[in-house]
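Please construct the entire structure, taking both the sequences and the accompanying hints into account.
2 protein chains.
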Amino acid sequence: MKNFADKLIKEIKKKKSHVIVGLDPDYDKLPQSLRKAYAVSIKGVGAAISEFNCKLIDAVYELVPSIKPQIAFYERYGIEGVKAFIKTVEYGKQKGLIVIEDAKRNDIGSTATAYSEGHIGRVKLATHSVSIYDVDAITVNPYLGADGINPFLHDVNKYGKGIFVLVKTSNPSSKDLQDLEVVYNRKRLKLYEMVARLVNEWGNNSKGNSGYSSVGAVVGATFPKEAKILRKLMPQAYFLVPGYGTQGGKASDIINCFNTDGYGALIAASRSINYAFKSDKRFKDHEFADAAREAVIRMNKEINKELQKAKLLKW
Amino acid sequence: MKNFADKLIKEIKKKKSHVIVGLDPDYDKLPQSLRKAYAVSIKGVGAAISEFNCKLIDAVYELVPSIKPQIAFYERYGIEGVKAFIKTVEYGKQKGLIVIEDAKRNDIGSTATAYSEGHIGRVKLATHSVSIYDVDAITVNPYLGADGINPFLHDVNKYGKGIFVLVKTSNPSSKDLQDLEVVYNRKRLKLYEMVARLVNEWGNNSKGNSGYSSVGAVVGATFPKEAKILRKLMPQAYFLVPGYGTQGGKASDIINCFNTDGYGALIAASRSINYAFKSDKRFKDHEFADAAREAVIRMNKEINKELQKAKLLKW
Chain A
243 MKNFADKLIK
253 EIKKKKSHVI
263 VGLDPDYDKL
273 PQSLRKAYAV
283 SIKGVGAAIS
293 EFNCKLIDAV
303 YELVPSIKPQ
313 IAFYERYGIE
323 GVKAFIKTVE
333 YGKQKGLIVI
343 EDAKRNDIGS
353 TATAYSEGHI
363 GRVKLATHSV
373 SIYDVDAITV
383 NPYLGADGIN
393 PFLHDVNKYG
403 KGIFVLVKTS
413 NPSSKDLQDL
423 EVVYNRKRLK
433 LYEMVARLVN
443 EWGNNSKGNS
453 GYSSVGAVVG
463 ATFPKEAKIL
473 RKLMPQAYFL
483 VPGYGTQGGK
493 ASDIINCFNT
503 DGYGALIAAS
513 RSINYAFKSD
523 KRFKDHEFAD
533 AAREAVIRMN
543 KEINKELQKA
553 KLLKW
Chain B
243 MKNFADKLIK
253 EIKKKKSHVI
263 VGLDPDYDKL
273 PQSLRKAYAV
283 SIKGVGAAIS
293 EFNCKLIDAV
303 YELVPSIKPQ
313 IAFYERYGIE
323 GVKAFIKTVE
333 YGKQKGLIVI
343 EDAKRNDIGS
353 TATAYSEGHI
363 GRVKLATHSV
373 SIYDVDAITV
383 NPYLGADGIN
393 PFLHDVNKYG
403 KGIFVLVKTS
413 NPSSKDLQDL
423 EVVYNRKRLK
433 LYEMVARLVN
443 EWGNNSKGNS
453 GYSSVGAVVG
463 ATFPKEAKIL
473 RKLMPQAYFL
483 VPGYGTQGGK
493 ASDIINCFNT
503 DGYGALIAAS
513 RSINYAFKSD
523 KRFKDHEFAD
533 AAREAVIRMN
543 KEINKELQKA
553 KLLKW
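From first to last, the protein sequence lines stand for chains A and B.
Following this note's numbering, the numbering of the first sequence begins with 243 at its first residue and continues without gaps.
Following this note's numbering, the numbering of the second sequence begins with 243 at its first residue and continues without gaps.
Honestly, the hints are just simulated from the structure, not real lab data.
In this text, all values refer to a predicted model and were calculated from it rather than measured experimentally.
One or more hints might be untrue.
A pair holds if it fits inside one copy or across any two, identical chains being indistinguishable in the list.
Claimed, not checked - Taking lysine-lysine and the DSBU-like style, the derived pairs with C-alpha atoms no more than 35 Å apart in a straight line are:
1. K543 / K285
2. K271 / K285
3. K492 / K285
4. K366 / K526
5. K492 / K523
6. K432 / K449
7. K325 / K470
8. K400 / K329
9. K278 / K256
10. K474 / K325
11. K337 / K366
12. K271 / K432
13. K337 / K417
14. K335 / K244
15. K400 / K278
16. K255 / K278
17. K432 / K325
18. K366 / K523
19. K417 / K366
20. K366 / K492
21. K257 / K492
22. K553 / K285
23. K325 / K400
24. K278 / K244
25. K526 / K449
26. K244 / K285
Written as structure tokens, this is what we have:
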């Protein structure tokens, strides 16, 4: 089973793109054409989301290495939402995309095992085991410490999967806890730096041929100064970088997330791509997929251009 | 819409019990009688879990105020697991139990809104809104700060729901981050104390007639010293206390979680009740529900006896 980080980098090189497309479907924001096509029921919402996502995937799969469905936007709609999530994951994988589930799961060891088995591992039945969501990687929360991470590490190594641990999140109030100054070994450092040290340690046994580990980190595009520090603390971690676009992160802000080899960061955008048809007046409502494709092409250009300026573009 | 903390305390008084029964179904541990009755498939697992839980609920609903299904053990089995979760929630509520979903969800604001709407609030469709999981309360993770909590607070107040924020979790490595010493306003305190201060603040607008807030805290039974400190820092927060039983927490350990009024803590046990038939040799495999009932009766007695010793028993 190949290493996750190696698989990811292979796709990045193939597509010449550091972009990951978030899929955060919100029935309220879907194109009228889709909202109308389905009955006003939860079942209809699930079908509308599936169609929306599959069309977005068709429009972008040749342009990016990876997609990031945010499970909150699916489980919100119950069974029908989870069905749409599963369909999205399957369709994305069929199209050769690496699927990173944004779930921010975590719990004590025995419970973290259940999460890991369901999302990236396999669940045991009486006579055999089966995979359930089978995403390529999942985001996890570090607040419970190593106990809650170890079951995921087990499956990362067993099944060639990845995790991205929240370190410094993109939202304004990430400062409430993550920026607190902690005292450790008589030194003062920020809590996010402390988490970064742990992430680096947790990733030591999951390194691929590329030198990158399958244990990555979530680092917000909205905090370029912090990213610079974190890049040094976690040289082997791939960064999953949310906050580009709608949340305010710019192309120049994310350069610090890259290593000197020109790799190490996957830049996520969700709303600015999913709902590009609302802001880009060249497109009509039913042309949402074309609008998303244009937004991705633009984002690829912006990021590649910024990398070129920094002499970090490797293709 | 009545206040969640008030509803909870009413049920605690009615049942004369401070116990919450965790429902953590694991197909591997289910009684042979149930495993055999269903085909070896994910669908069969879902049906087995539903039957297991409904029988457990039948056995304990007169004895305890509340149940706590841990969503990880359901979503692990995909769609069929989520169906079993929904059935468990519905059946528990039918039987008059307060259902606290252990989900430890959290994310940035817009995503936390999606979680909150799905789990404790309502989701919008074109012409109306519907409730999905509709649990009475949910556990949440504080690592993302206030942004990720506010959407839940909105629904807590709008729909008479509750949240329990992770403060000091029951697992050994909760020390990795939660016990770090942080510097705040020139004082040194533990990270869990810092979170406790936030929880107290977040709960200020959700107090009921009882004086308790619908914003509670998760405090592990395995850390009685820390509980004493936390009880003072969050006088108005109801504590959800995991770690009793299998994880090592004893009745004498949890007294510090109570206030001087004899309320303020809901003591959780999952595995020691769900799988009591495995350790209590008086019961055969198919008598799992009777074994669970006995385990709950014993736990109620242990806790009430300990409260009586401390002169905190109020019935």
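How the hints compare with the structure:
1. K543 / K285: Intra 38 Å, inter 47 Å, cutoff 35 Å: neither.
2. K271 / K285: Answer is both; intra-copy 17 Å and inter-copy 34 Å each pass.
3. K492 / K285: neither (37 Å within a copy, 46 Å between copies)
4. K366 / K526: between (48 Å within a copy, 24 Å between copies)
5. K492 / K523: Only inside one copy: K492 and K523 sit 22 Å apart there, 64 Å across copies, limit 35 Å.
6. K432 / K449: So K432 and K449 pass the 35 Å test inside a copy (26 Å) and across (33 Å) alike.
7. K325 / K470: neither (39 Å within a copy, 45 Å between copies)
8. K400 / K329: For K400 and K329, the Cα distance is within 35 Å both inside one copy (24 Å) and across copies (33 Å).
9. K278 / K256: neither (38 Å within a copy, 49 Å between copies)
10. K474 / K325: This pair counts as neither: shortest intra-copy Cα distance 40 Å, inter-copy 45 Å.
11. K337 / K366: both (28 Å within a copy, 31 Å between copies)
12. K271 / K432: Cα proximity of K271 and K432: none, with 38 Å in one copy and 42 Å across.
13. K337 / K417: neither (38 Å within a copy, 43 Å between copies)
14. K335 / K244: within (16 Å within a copy, 46 Å between copies)
15. K400 / K278: between (45 Å within a copy, 30 Å between copies)
16. K255 / K278: Classified as neither; 40 Å inside a copy, 50 Å across copies.
17. K432 / K325: Neither way: K432 and K325 sit 40 Å apart in one copy and 42 Å across, limit 35 Å.
18. K366 / K523: So K366 and K523 pass the 35 Å test across copies only (26 Å; inside, 51 Å).
19. K417 / K366: between (40 Å within a copy, 31 Å between copies)
20. K366 / K492: Answer is between; shortest inter-copy Cα gap is 32 Å, intra-copy 45 Å.
21. K257 / K492: So K257 and K492 pass the 35 Å test inside one copy only (21 Å; across, 57 Å).
22. K553 / K285: Neither. Shortest intra-copy (49 Å) and inter-copy (54 Å) distances fail the 35 Å Cα cut-off.
23. K325 / K400: both (26 Å within a copy, 29 Å between copies)
24. K278 / K244: Neither way: K278 and K244 sit 44 Å apart in one copy and 37 Å across, limit 35 Å.
25. K526 / K449: Answer is neither; intra-copy 45 Å and inter-copy 48 Å both fail.
26. K244 / K285: For K244 and K285, the Cα distance is within 35 Å only across copies (31 Å; inside one copy 37 Å).
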